[in-house]
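Participant: In this text, residue positions in the sequence shown follow our numbering: the first is 1, and each later residue adds one.
Don't read these hints as lab results, they were simulated from the structure. The beta carbon of each residue, even a glycine, is placed where N, CA and C say it ideally should be. Mixed in with the good hints, there may be bad ones.
[Said to hold, decoys possible] Simulated restraints, written as ranges between beta carbons of each label pair:
# : residue 1 : residue 2 : range
1 : 97        : 51        : 33 to 39 Å
2 : 96        : 320       : 36 to 42 Å
3 : 38        : 181       : 45 to 51 Å
4 : 87        : 333       : 34 to 40 Å
5 : 38        : 143       : 25 to 31 Å
6 : 231       : 121       : 18 to 24 Å
[To be verified] Calculated cross-link-like contacts (lysine-lysine; reagent style BS3-like; alpha-carbon spacing at most 25 Å):
#  : residue 1 : residue 2
7  : 211       : 233
8  : 10        : 90
9  : 10        : 100
10 : 312       : 323
11 : 51        : 65
12 : 65        : 233
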Amino acid sequence: MLGLFRRAKKRICAFTYTHSQELFNDRISDMFCVAFENGFAVFDGDNGNLKSIVQSPYVDTSFIKTINSSNIVAIVPKDEGKIHLWDRNKGTFLCEILIKERTRMTNFFFRPDCLIAINLNSINFINFFNQTQISSVITSTNLFGAFDMPFNFSSEISAILSHNVGCFTFYSYINPDMRFHEIKAFNKDINILKISPNGKIVAVSSLGHSKVKCYRIPSGEEVFTVTLPISDKGAAAIEFDRYDSALLIVTPSNALYLYSMKVTVDVARSLTPISIRYDDHFSLPSSEFFWAHFGSRANTIIVVSQSGVYRKLKFDSNCKNLKVKEEKLLDFDIPA
Numbered sequence: 001m002l003g004l005f006r007r008a009k010k011r012i013c014a015f016t017y018t019h020s021q022e023l024f025n026d027r028i029s030d031m032f033c034v035a036f037e038n039g040f041a042v043f044d045g046d047n048g049n050l051k052s053i054v055q056s057p058y059v060d061t062s063f064i065k066t067i068n069s070s071n072i073v074a075i076v077p078k079d080e081g082k083i084h085l086w087d088r089n090k091g092t093f094l095c096e097i098l099i100k101e102r103t104r105m106t107n108f109f110f111r112p113d114c115l116i117a118i119n120l121n122s123i124n125f126i127n128f129f130n131q132t133q134i135s136s137v138i139t140s141t142n143l144f145g146a147f148d149m150p151f152n153f154s155s156e157i158s159a160i161l162s163h164n165v166g167c168f169t170f171y172s173y174i175n176p177d178m179r180f181h182e183i184k185a186f187n188k189d190i191n192i193l194k195i196s197p198n199g200k201i202v203a204v205s206s207l208g209h210s211k212v213k214c215y216r217i218p219s220g221e222e223v224f225t226v227t228l229p230i231s232d233k234g235a236a237a238i239e240f241d242r243y244d245s246a247l248l249i250v251t252p253s254n255a256l257y258l259y260s261m262k263v264t265v266d267v268a269r270s271l272t273p274i275s276i277r278y279d280d281h282f283s284l285p286s287s288e289f290f291w292a293h294f295g296s297r298a299n300t301i302i303v304v305s306q307s308g309v310y311r312k313l314k315f316d317s318n319c320k321n322l323k324v325k326e327e328k329l330l331d332f333d334i335p336a
């Protein structure tokens, strides 16, 4: 079936995925946002249908972020230390936010309360409502943009690189004076810090190392380790599902590995041990680069390739394998 797809006219250069939200009298489904040459678009995560598309002046985009319940899209143009805010419904440019730190931006986050710019040697937290800086913190050289913070509005703890290679710590942007101890994870640079949705576990990866290590927040206790196949060294992306029951790891070779997580409560010892089990793997026939996220529906993974093909994977718990349930070419055509 893959051979029947014509290639998309435009290559996706940036991607972000946001989960569904339950409102008072409505439900907003999963959606994802992609940036391509001279435009960006928002799609329904459940079926890949186009929701809105906007023409933009950007030939290339480093990062694109949005919030499911908002009409605001935040874009970081390629090789520029600034954030542009757009109204995706009206297709209009709103404002530009300049980052005081002049070094290259290596990652970017957008939360309901703040914008977070991760630069080579610092992290800057910016108030979303008045565009003023809330706090900043110096880190070791962060070539890969290693950082994470739960999307939950009430969460203030983030995982950041500390001052030493292969080490990380935690940081409160509301209370910068709060101190957390440094955790040594690897001997080489950390490339990914990923916090679980409940904010209790952080997964840590280093390129060139075949293990992904997971630690409790904020104690730093190592709770489990995932050992990747010998052919894969490190992770290119890590995702937890919304229910803290599964973990996916995408490697630099563009292979996806799925694991089940099981938490057991030991009342006598006041512990919650976590066991991990390998379930299945997935890759595209061409080994093409792709983004992968758990959908809000149980046992569902959404995969979007750089060439613009949407795939919905479903994990069959009986057969213990991943199956492609839906695939389609995304619509990038901007109305004249």
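Participant: Work down the list of hints and note, for each, if the structure agrees.
Facilitator: Hint by hint, here is what the structure shows:
1. Taking the beta carbon of each, residue 97 and residue 51 are about 25 Å apart, not inside 33 to 39 Å as hinted.
2. Residue 96 and residue 320 have their C-beta atoms about 49 Å apart, which leaves the hinted 36 to 42 Å range violated.
3. Roughly 47 Å separates the CB atoms of residue 38 and residue 181, a value that falls within the hinted 45 to 51 Å.
4. Under the hint 34 to 40 Å, the C-beta atoms of residue 87 and residue 333, about 21 Å apart, miss the expected range.
5. Between residue 38 and residue 143 the beta carbons are some 28 Å apart, a value that agrees with the proposed interval 25 to 31 Å.
6. As the Cβ distance of residue 231 to residue 121 is approximately 33 Å, the hint placing it in 18 to 24 Å is violated.
7. A hinted pair counts as satisfied when its Cα atoms are at most 25 Å apart, and residue 211 with residue 233 qualifies at roughly 8 Å.
8. For the hint linking residue 10 to residue 90, the alpha-carbon distance of about 22 Å falls within 25 Å, and the restraint holds.
9. For the hint linking residue 10 to residue 100, the alpha-carbon distance of about 33 Å lies beyond 25 Å, and the restraint is violated.
10. The hinted pair formed by residue 312 and residue 323 meets the criterion: a straight-line CA distance of about 8 Å does not exceed 25 Å.
11. Note on residue 51 and residue 65: the hinted pairing holds, with a Cα-Cα distance of about 16 Å set against a maximum of 25 Å.
12. A C-alpha spacing of about 28 Å is found between residue 65 and residue 233, which places the hinted pair above 25 Å, so the restraint is violated.
Comparing the model with each earlier hint shows violations of hints 1, 2, 4, 6, 9, 12; every other hint is respected.
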